[in-house]
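Novice: Turn these sequences into a full structure, and let the hints steer you where they fit.
Residue numbers (UniProt numbering), protein chains in the order written: chain A, 1 to 104; chain B, 1 to 104.
Bear in mind the hints are in silico, worked out from the structure with no lab data behind them. All C-beta atoms, glycine included, are put in the ideal place defined by N, C-alpha and C. Check each hint, because a few of them may be wrong.
[As the list claims (entries may be wrong)] Coverage of chain A stretches by chain B, computed from C-beta distances (three or more under 8 Å per stretch; other residues unrestricted):
| no. | stretch |
| --- | --- |
| 1 | 10–17 |
| 2 | 43–49 |
| 3 | 53–59 |
| 4 | 82–89 |
| 5 | 97–103 |
[Stated by the list, open to error] With the Cβ distance kept under 10 Å, some of the chain A side facing chain B (calculated, not the full set):
| no. | residue |
| --- | --- |
| 6 | L62 |
| 7 | Q78 |
| 8 | R92 |
| 9 | I93 |
| 10 | C94 |
Number of protein chains: 2
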Amino acid sequence: MKTDFKPYYAVIFTNKRTLADDEGYGKMAVRMEALAKEQPGYLGMDHARTELGITISYWESLEAIKHWKNNLDHQNAQEKGRQIWYEWYHTRICKVEREYEFNG
Amino acid sequence: MKTDFKPYYAVIFTNKRTLADDEGYGKMAVRMEALAKEQPGYLGMDHARTELGITISYWESLEAIKHWKNNLDHQNAQEKGRQIWYEWYHTRICKVEREYEFNG
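Specialist: The following block contains the structure:
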């Protein structure tokens with residue numbers, strides 16, 4: 001654990017895809033990641049998908065998360081997600097209180 | 001968002017696998033999930049892997065997380081993980097402060 005650790009925030013987005021419109025989804029995902037990187041307070045993103053999709057984005061503050069949530073392009077993607085791409089999703093806003101790493 | 005929301009904890013475990021000993025890893029992962037489910041304060045688990053692996057476990061309290069971390073079988077798996085299975089990993093202990101769901 002770093003001794004200079006400063007708490008930050010993680011948005012855990014778990015989801016199950018519908019089978020619709022794969023190409024549109026891929027383009028949107030790439031565009032949203034690029035756009036997120038431009039936002040104030042953005043720290044990083046992790047993504048994996050097996051059957052379940054998990055995307056975790058990391059942010060400096062709750063304000064940064066709110067700002068990103070309200071971004072108009074992002075809002076459009078969220079709306080299209082509900083209409084077309086996602087069977088369900090679950091979003092969790094979390095405060096990262098501690099962390100540790102292993103590098104083999 | 002639920003109005004009766006009670007904060008809980010998430011352990012975000014991101015990792016990159018080595019290429020070694022796949023069968024042993026699969027068995028361990030199944031056994032660790034079964035064992036986690038038996039622990040006090042366990043709430044659930046989400047998992048996905050593309051190149052990056054993400055496992056998120058959910059817990060009622062920091063005490064429950066500490067208890068699970070110190071479980072002897074789990075400690076052995078962690079040790080073997082560092083020796084054999086993981087090129088690197090990153091563990092984040094998070095407090096889930098808010099959540100919302102979409103069910104299409």
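Novice: With reference to the structure, classify each hint as holding or not holding.
Specialist: Going down the list of hints, with the structure as the test:
1. 10–17: This one holds; 3 residues, not fewer than the three required, reach chain B with a Cβ under 8 Å.
2. 43–49: With 4 residues in contact (Cβ-Cβ under 8 Å with chain B), the coverage given for the stretch 43–49 of chain A holds.
3. 53–59: holds (count 3)
4. 82–89: holds (count 5)
5. 97–103: holds (count 7)
6. L62: holds (8 Å)
7. Q78: holds (9 Å)
8. R92: holds (5 Å)
9. I93: For I93/A, the interface hint holds, since the closest Cβ of chain B sits about 4 Å away, which is under 10 Å.
10. C94: holds (4 Å)
Checked against the numbered hints given earlier, this structure breaks none of them.
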